[in-house]
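Asker: Residue numbers for the sequence shown follow my numbering, beginning at 1 and rising by one.
Rather than coming from a laboratory, the hints here were simulated on the basis of the structure.
The reader is advised that the hints may include incorrect statements.
Straight-line distance between alpha carbons at most 27 Å, and here's what the computed DSSO-like set of lysine-lysine pairs gives [said to hold, decoys possible]:
id: 1; residue 1: Lys43; residue 2: Lys9
id: 2; residue 1: Lys43; residue 2: Lys177
id: 3; residue 1: Lys189; residue 2: Lys205
id: 4; residue 1: Lys207; residue 2: Lys240
id: 5; residue 1: Lys92; residue 2: Lys165
id: 6; residue 1: Lys177; residue 2: Lys82
id: 7; residue 1: Lys174; residue 2: Lys207
id: 8; residue 1: Lys236; residue 2: Lys205
id: 9; residue 1: Lys43; residue 2: Lys185
id: 10; residue 1: Lys211; residue 2: Lys241
id: 11; residue 1: Lys240; residue 2: Lys211
id: 12; residue 1: Lys185; residue 2: Lys82
id: 13; residue 1: Lys82; residue 2: Lys43
id: 14; residue 1: Lys186; residue 2: Lys236
id: 15; residue 1: Lys186; residue 2: Lys92
id: 16; residue 1: Lys174; residue 2: Lys211
id: 17; residue 1: Lys211; residue 2: Lys165
id: 18; residue 1: Lys207; residue 2: Lys241
id: 19; residue 1: Lys92; residue 2: Lys82
id: 20; residue 1: Lys205; residue 2: Lys43
id: 21; residue 1: Lys165; residue 2: Lys177
id: 22; residue 1: Lys240; residue 2: Lys205
id: 23; residue 1: Lys207; residue 2: Lys236
Computed beta-carbon distance windows for the label pairs [said to hold, decoys possible]:
id: 24; residue 1: Lys240; residue 2: Lys165; range: 20 to 26 Å
id: 25; residue 1: Asn27; residue 2: Asp97; range: 19 to 25 Å
id: 26; residue 1: Phe168; residue 2: Lys82; range: 42 to 48 Å
From a predicted model like this one, the values you see are computed outputs, not experimental measurements.
Think of the CB as a built atom: it goes at the ideal place given N, C-alpha and C, for glycine as much as any other residue.
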Amino acid sequence: MLLDKNLIKHFSDYLRLEQSLSDNTINAYCHDIELFREFCEEKKSSPSITEISHHDIEDFLAQLYDLGIAASSQARILSGLKSFYRYLLQEKICESDPTLLVNSPSIGRHIPDVLSYEEIVSMMDCIDLSQQFGHRNKAIIEVMYGCGLRVSEVVSLNISDIYAKDEFVRVIGKGDKERLVPIGKKTLKELTNYTQGERLHQDIKPKFSDKVFISARGSSLTRQSVFLLVKNLAEKAGIKKTISPHTLRHSFATHLLEGGADLRAVQQMLGHSSISTTEIYTHVSDEYLRQVIMEYHPRWHSQNTSTN
Numbered sequence: 001m002l003l004d005k006n007l008i009k010h011f012s013d014y015l016r017l018e019q020s021l022s023d024n025t026i027n028a029y030c031h032d033i034e035l036f037r038e039f040c041e042e043k044k045s046s047p048s049i050t051e052i053s054h055h056d057i058e059d060f061l062a063q064l065y066d067l068g069i070a071a072s073s074q075a076r077i078l079s080g081l082k083s084f085y086r087y088l089l090q091e092k093i094c095e096s097d098p099t100l101l102v103n104s105p106s107i108g109r110h111i112p113d114v115l116s117y118e119e120i121v122s123m124m125d126c127i128d129l130s131q132q133f134g135h136r137n138k139a140i141i142e143v144m145y146g147c148g149l150r151v152s153e154v155v156s157l158n159i160s161d162i163y164a165k166d167e168f169v170r171v172i173g174k175g176d177k178e179r180l181v182p183i184g185k186k187t188l189k190e191l192t193n194y195t196q197g198e199r200l201h202q203d204i205k206p207k208f209s210d211k212v213f214i215s216a217r218g219s220s221l222t223r224q225s226v227f228l229l230v231k232n233l234a235e236k237a238g239i240k241k242t243i244s245p246h247t248l249r250h251s252f253a254t255h256l257l258e259g260g261a262d263l264r265a266v267q268q269m270l271g272h273s274s275i276s277t278t279e280i281y282t283h284v285s286d287e288y289l290r291q292v293i294m295e296y297h298p299r300w301h302s303q304n305t306s307t308n
């Protein structure tokens, strides 16, 4: 059976008639499963419910995290999926429950995975610039890592937001808060290669004429398509870490702090309203500093290499 709207409707009826749940709870569950259905359709054409694995669910949760969905909300969504699969098992639509192999998102503070500079370069090296959208895809990776933008900020970026002469981009972040972020010459070069080359040959719908990154349909890119782009490039580069577009933003912040950047400056560039949100990156940097001193300081080095 296909994972389609009819199946979600049957599940809704089951929740109402057999579980006696409130309309608000039913609507929330069905909305979350609809999000999952749309995600699966991005990955597979007309997905069968029996083809969906726990890896698909983990990728879905990773995308929710990338889109800024709180861990508590992710846990609630996973709870809805678990209820959905219990229904599918009861109705003998599925023979197994892939949600059993998925851990609930941690509600505590999460130290994110970070890519090394070499890993980011290896991802960009996997982009074939001779292929359609090659320059666009490279510019996307450059902007996310070079400017530390959220995926939602990347897909909504306008050409009129780029101040090439001043080397700044204007970003509209969460809560419609505006900030200016420096943009380096290498990132500007990749943007120019795309906007003055590949993009000029795209058939762009008038409504999206100012958007920087354009899809094959002539409209703005979706966040899901950027998520899949990053995942595919990481796989091609042989990177085993849990990767999402947010990983590039994490790497931007961590590399700045490792290089000695001021925490307040990083906070401003990331668009965090609270310094405590930015401080999560200091934990990553502290571990890096510990590794450096253990490797290079003579007292630490001799301590680690001495034998009893």
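Asker: Return the numbers of the hints above that this structure violates; sort them in rising order.
Answerer: 2, 4, 5, 6, 8, 9, 10, 11, 12, 15, 18, 22, 23 and 24
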